[in-house]
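**Q** Chain residues, written in single-letter form:
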Amino acid sequence: MTDPEGPRGRRVVVTGMGVVSALGTGVRAHTAALDEGRDGVAEMDIPDLDRLAIRIGAQAKGFVGEDRYSRSELALYDRTTQLALAAAKEAMEGAGLEITEDLAPRAATVIGAALLGMGTIDDNYRQVFQEGKNRVHPFIVPRLMNSAPCSFVSMEYGLKGPAWSVSTACSSANHAIGQAFHLVRSGGAEVAVTGGVEAPLTFGTMKAWEGLRVMTKDACRPFSKGRTGMVLAEGAAVFVLETLERARARGAEILAEIAGFGMSADAGDIVQPSVDGAARAMQGALVDARMAPEEVGYVNAHGTGTAANDRTECQAVRRVFGPQADALVISSTKSMHGHALGGAGALEMVALIHALRSGVLPPTINHLEADPDCDLDVAPNMAVERRVGAAVSNSFAFGGLNAVIAARRFDG
Amino acid sequence: MADAATDEDVARKVIEIIAEQAVLDPTEVRMDATPDELGVDSLGLVEAVFAIEEAFDISVPFNANDPTDSDFDISTVAAIVSAVQGLVREQKG
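Protein chains in written order, with our numbering: chain A, 1 to 412; chain B, 1001 to 1093.
Honestly, the hints are just simulated from the structure, not real lab data.
Keep in mind that a hint or two might mislead.
Computed list of lysine to aspartate or glutamate pairs in EDC-like fashion (alpha-carbon distance at most 20 Å, straight line) [unchecked claim]:
(1) A:Lys217 <-> B:Asp1066
(2) A:Lys207 <-> B:Glu1047
(3) A:Lys217 <-> B:Asp1071
(4) A:Lys217 <-> B:Asp1069
(5) B:Lys1092 <-> B:Asp1009
Build out the structure end to end from the sequences listed, making use of the hints.
**A** So this is what it looks like as structure tokens:
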């Protein structure tokens, strides 16, 4: 955890963001759906659906790579890269950031993804194992690698500084954004393009997730009595981070300030969550941000909709926030955009920044009845209009790797 | 064995599967024991259910999200055996 008394370095702000999710392509579509409480989950459109027990997912059906990229690009871009590049484009255009020759070596790229290009793996395994083909396309390796989205984003914008991908299961995006934030804050880079992506809605990946038996067949109902598990999703969100000083000097629109980042490991169980690990990550983010619990008005929950996560997360929030736990709103936007694994924290960061800017805190939809194990204000089914000064976004991964980001509204 | 599995065959196989998860000899698995008493945790149960599905070629309605609330009774070894016998009759009878 950050030394409570130690120096923090430079202030870091978000000046651009872009997103693709089941709720739509672009920040406007994604956030309008969050405000309305629209459910992005539906029957999936993938091969061999009839052989799956779980047939629903949060699929970005409106996003068609073939409409956006050339044939030669598509040969190199798995759907993960396609989604990441679309989100990066919106973020870079929104930020209006020019990557000059001087800036390029000081511009970082940090992208989180839990898995590889699963569509590429599925398609090519099918060819060699099922159809008996003896050769595959020459670019399968660069197409499927976990770091491909990071590489292609850096190539697209000429970002020549530190660049790496982060894979910490369902915390990948928050770890990526948090590390990018620390890098810019410490002077390790001037600007960073960061976020997370996942495209796991393939037959093989779904089969693996079915095996865990934590997936719901009807709807994702975080914090609700009668919840039956999680829903897998695809999507990407990317952000432009830079120092407050640089953003002001170039007159950029500032969307929010990233204030703190906390990490922890449960060092416990490979699938069961822990109150202690989750609480220490949240506490770490608050300390790093020099943020009092009373300052926080909204928590974007990890909120997967499994019995174990939701119960544990609520206990951890009570432990960290004390009396403030009853004053703040905590909601799970996974109820709408599903669980995008390594991209989840990024989709949720868009929700968090939107909540800080608009004063509309997104709901937890599909909520049937209050659960005594989750006795917090989870904004059931309806968004809450409330201006808040600070908010926290939780990601707690399988394997106990936790990453929490704290952000503040920016009023100039 | 799936086609001709008698209740006795099913019981023997299910006990074998549970014993393997519990790292016990099948003779040490008491019918009134709970999975917890045998040292079978939630991960072990998910693996046992998978092994049962594979052994009998059936589908078991077990949700690890809230095991006590699923349609598949896992309260004791006897309950699991009886539930699997029912599923085999239903799906293979």
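**Q** So if I understand the rule, the pair passes when the alpha-carbon distance is 20 Å or less; does Lys217 of chain A with Asp1069 of chain B pass?
**A** Holds: Lys217 of chain A and Asp1069 of chain B sit about 15 Å apart, inside 20 Å.
**Q** Is the Cα-Cα distance between Lys207 of chain A and Glu1047 of chain B 20 Å or less?
**A** 15 Å, holds
**Q** Run the distance test for Lys217 of chain A versus Asp1071 of chain B: straight-line Cα separation, threshold 20 Å.
**A** 14 Å, holds
**Q** Is Lys1092 of chain B close enough to Asp1009 of chain B, meaning Cα to Cα at most 20 Å?
**A** 14 Å, holds
**Q** Straight-line Cα separation of Lys217 of chain A and Asp1066 of chain B no greater than 20 Å?
**A** Distance of about 14 Å is within 20 Å: holds.
This entry satisfies every hint, going by the numbered hints stated previously.
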